[in-house]
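*Asks:* Chains A and B, in that order, are what the protein sequence lines are.
The first sequence begins at 279 in my numbering and counts up by one.
The second sequence begins at 7 in my numbering and counts up by one.
There could be a bad hint or two in this list.
Unchecked claim - Listed below are several chain A residues computed to face chain B (Cβ distance under 10 Å; list not exhaustive):
1) 331
2) 339
3) 343
4) 348
5) 390
6) 463
7) 464
8) 466
9) 468
10) 470
11) 474
12) 476
13) 484
Said to hold, decoys possible - In silico SDA-like pairs for lysine to any residue, Cα to Cα no more than 25 Å straight-line:
14) A/460 - B/208
15) B/208 - A/542
16) B/208 - A/502
Calculated from the structure, these hints are not laboratory results.
Note that the Cβ used here is the ideal one computed from N, Cα and C, for glycine as well.
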Amino acid sequence: MAVRLLQGSDALAEAAVTAGCRFFTGYPMLPFTGLLESMARRMPDAGGVCMNAASEIEAVNMTIGAAAAGARAGTGSCGQGIALMQEAVAEAALNEVPFVLFNMARGQQDYFQCTRGGGWGDYRTITLAPRDVVEAVEHTQLLFHLADTYRAPVILLGDYLIADTNMSVDVSPRDYGPLPAKDWALDGSTGGTGSSRQIWSWDIGKANRPGRGPDGQWKHIADKFAAVAEAEQRHESFMADDAEYLVVSWGTSGPFVDYVVEELRAEGVRIGSFRPISLWPFPEAALAEAAAGARRVLVYELNAGQMLDDVRLSIPDRSKIRFIGGVSIDYSGMRQGELLQASAIRAAVRRVIDEGD
Amino acid sequence: MTHVPTGAPPGVPATKVAEFGSPLLLSEEHHLCPGCGHPVAWRLLCEVMTELALADRAVGVIGHGCYTQAAVLTDLEWLQCLHGRAPAVATGVKRVHPGVAVFTLQGDGDMASEGLHELLHAAGRAEPITCIMLNNGVFGDTGGQMTATTVVGQRTKTSLEGRDPGTHGFPIPVADLVRTLPGTAYVARGAVNNAGAVAQTKKFLRRAFELQMEGAGFTFVEILTMCPTGWFIPTAEGPGYVASVFEETFPVGQLKTLAPR
């Protein structure tokens with residue numbers, strides 16, 4: 279086991295290189311900038327390329343080119359930068375070009391952006407939200423595997439607590455099993471053979487070998503994401519078995535919530551937590567089961583209530599659900615703010631408990 | 007000068023004197039309009055790929071427009087991408103496969119209106135790819151609207167009385183703009199409106215790919231073509247319109263050529 283003390287951005291770069299990422303590009307925007315700088319330092323020795331893109335739009339389209347050519351590739355940004363990339367992410371989902379998009383977000387207001395897309399078409403993006411740097415390293419390696427497994431763009435949704443925290447992490451390579459051959463990847467070699475390849479979101483195919491066509495291709499994509507929705511749900515729960523109050527949170531809010539859960543348990547409150555690790559596909563069945571015995575389901579996230587929608591879709595009895603998060607903006611502009619404190623979370627939970635009934 | 011009598015049937019049957027097909031064309035049927043210049047440009051591309059023995063080490067990145075059918079009709083590897091973004095996508099392909107001939111095929115709407123940013127930055131980086139712009143001065147695929155290269159006075163669906171600089175500004179001479187960037191190794195503008203222009207344009211394309219494979223830097227070929235349905239003139243007058251009007255704004259010829267580095 280190779281354990282190293284690394285800042286989050288460096289740890290993610292190390293994990294990406296270990297996973298075989300050989301093309302990375304981006305446009306600076308905090309807190310993504312650290313990852314871009316780290317990749318620029320790391321890639322040449324790894325035999326890869328890290329490019330300074332002239333915009334987020336150029337970055338994501340360069341990444342599509344590299345990924346379509348068969349390389350493991352990644353890019354990223356946050357918030358507004360990811361918004362510029364959404365059209366290309368949708369295109370990559372529809373023409374089945376796999377890469378990893380690192381959203382090192384400012385706060386938790388990119389949940390809709392990552393789980394609902396914003397591009398065109400019937401596509402979804404597998405989105406993993408790590409709780410800390412250790413899990414982010416794990417997720418980075420897993421996401422490169424999932425991208426290639428499903429031939430789809432996938433998202434790591436981190437934030438500045440992931441990017442800028444130093445932790446001891448295991449950066450050794452993970453083996454997630456065999457992958458389908460990349461016989462679709464373009465290297466120019468099939469030209470003139472009568473079987474030349476084509477990648478196109480409409481899958482028109484060639485005059486001598488028609489493809490599925492847009493209708494068939496988009497139905498194929500829809501079926502694929504329906505299968506992913508079943509197969510790739512991930513979650514973690516903490517002290518949830520007999521919980522009267524279940525707090526649902528995601529990403530770096532998770533450890534803060536778990537701290538409060540431990541405190542209140544020590545005081546005799548039957549409370550537990552549930553954390554979707556895959557924000558899409560959302561672990562609906564697991565949450566429904568965890569919440570079945572609870573009197574109240576409290577949703578904590580630092581936005582106006584975005585995951586709240588998924589919680590409502592998962593739990594049959596909506597009357598149990600209370601939103602205890604909110605928009606929380608700090609002076610640095612990172613949008614975590616005063617609500618991301620154990621004392622604030624504890625107070626919010628207490629208010630629900632004290633309201634009784 | 008000897009005149010061939012054409013007023014009566016020939017004394018001997020006509021015989022085929024040349025094969026006009028290209029081994030990289032998968033079908034002679036296409037959906038483009040009679041009088042369109044684009045198929046001639048594809049044909050030149052196919053011939054150059056064959057002559058330079060690049061067919062089995064080439065990747066084309068194609069944008070959005072009528073010409074996109076080239077990805078269906080030619081036996082080359084193609085990656086279809088978002089409108090305007092082909093130079094960025096081609097950059098990713100080239101960085102992964104430096105030994106492969108990587109090129110973009112784009113219209114003037116795709117490249118000059120939507121994607122000028124990606125084009126200029128690829129040229130600025132001296133990215134060793136070849137970008138080909140088919141310039142007919144309109145968005146042909148959507149029925150003939152004004153683009154960034156519509157010439158002054160040209161009538162389009164969105165400049166019905168002709169492009170007026172007071173309202174719409176001036177056309178962007180893309181090849182001239184690209185020529186000024188230090189990263190460009192080869193810049194040329196050709197046309198496909200007559201046999202001489204076709205032969206010249208083929209030489210331009212061939213030189214661009216030769217320099218790409220020699221690692222000279224970014225190479226660019228603009229090709230003036232006709233749009234029979236997007237132009238407000240009779241189809242038969244299209245080639246003449248290119249010569250008398252388009253070439254006034256966009257003179258053809260080699261604009262820049264550097265020796266390989």
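*Asks:* Decide, hint by hint, whether the structure agrees.
*Replies:* Now for the hints, and whether the structure bears them out:
Annotation: interface hint on residue 331 of chain A holds; nearest CB of chain B at approximately 8 Å, less than 10 Å. The criterion of a C-beta within 10 Å of any C-beta in chain B is met by residue 339 of chain A, whose closest approach is roughly 4 Å, and the hint holds. For the restraint placing residue 343 of chain A at the interface with chain B, the shortest Cβ-Cβ distance is roughly 2 Å, inside the 10 Å limit, so the hint holds. For the restraint placing residue 348 of chain A at the interface with chain B, the shortest Cβ-Cβ distance is roughly 7 Å, inside the 10 Å limit, so the hint holds.
For residue 390 of chain A, the suggested interface contact is broken, since its CB lies about 22 Å from the closest CB of chain B, more than 10 Å. Interface restraint check: residue 463 of chain A against chain B, minimum CB-CB distance 9 Å, threshold 10 Å, status holds. For the restraint placing residue 464 of chain A at the interface with chain B, the shortest Cβ-Cβ distance is roughly 5 Å, inside the 10 Å limit, so the hint holds. Checking residue 466 of chain A against chain B: minimum C-beta separation of about 4 Å stays under 10 Å; hint holds.
A distance limit of 10 Å between C-beta atoms decides the matter here; for residue 468 of chain A the minimum to chain B is near 6 Å, and the interface restraint holds. For residue 470 of chain A, the suggested interface contact is upheld, since its CB lies about 4 Å from the closest CB of chain B, less than 10 Å. Because the closest C-beta pair between residue 474 of chain A and chain B is about 5 Å apart, less than 10 Å, the hint holds. The beta carbon of residue 476 of chain A is positioned within 10 Å of a beta carbon in chain B (closest approach about 5 Å), and the interface hint is therefore held.
Hint status for residue 484 of chain A relative to chain B: holds, with the closest Cβ pair at about 6 Å, below 10 Å. Using a Cα cut-off of 25 Å, the hinted pair residue 460 of chain A and residue 208 of chain B is violated, with the two alpha carbons roughly 35 Å apart. Distance check on the hinted pair: residue 208 of chain B and residue 542 of chain A sit about 78 Å apart at the alpha-carbon level, beyond 25 Å; violated. A hinted pair counts as satisfied when its Cα atoms are at most 25 Å apart, and residue 208 of chain B with residue 502 of chain A does not qualify at roughly 44 Å.
The structure shown violates the earlier hints numbered 5, 14, 15, 16.
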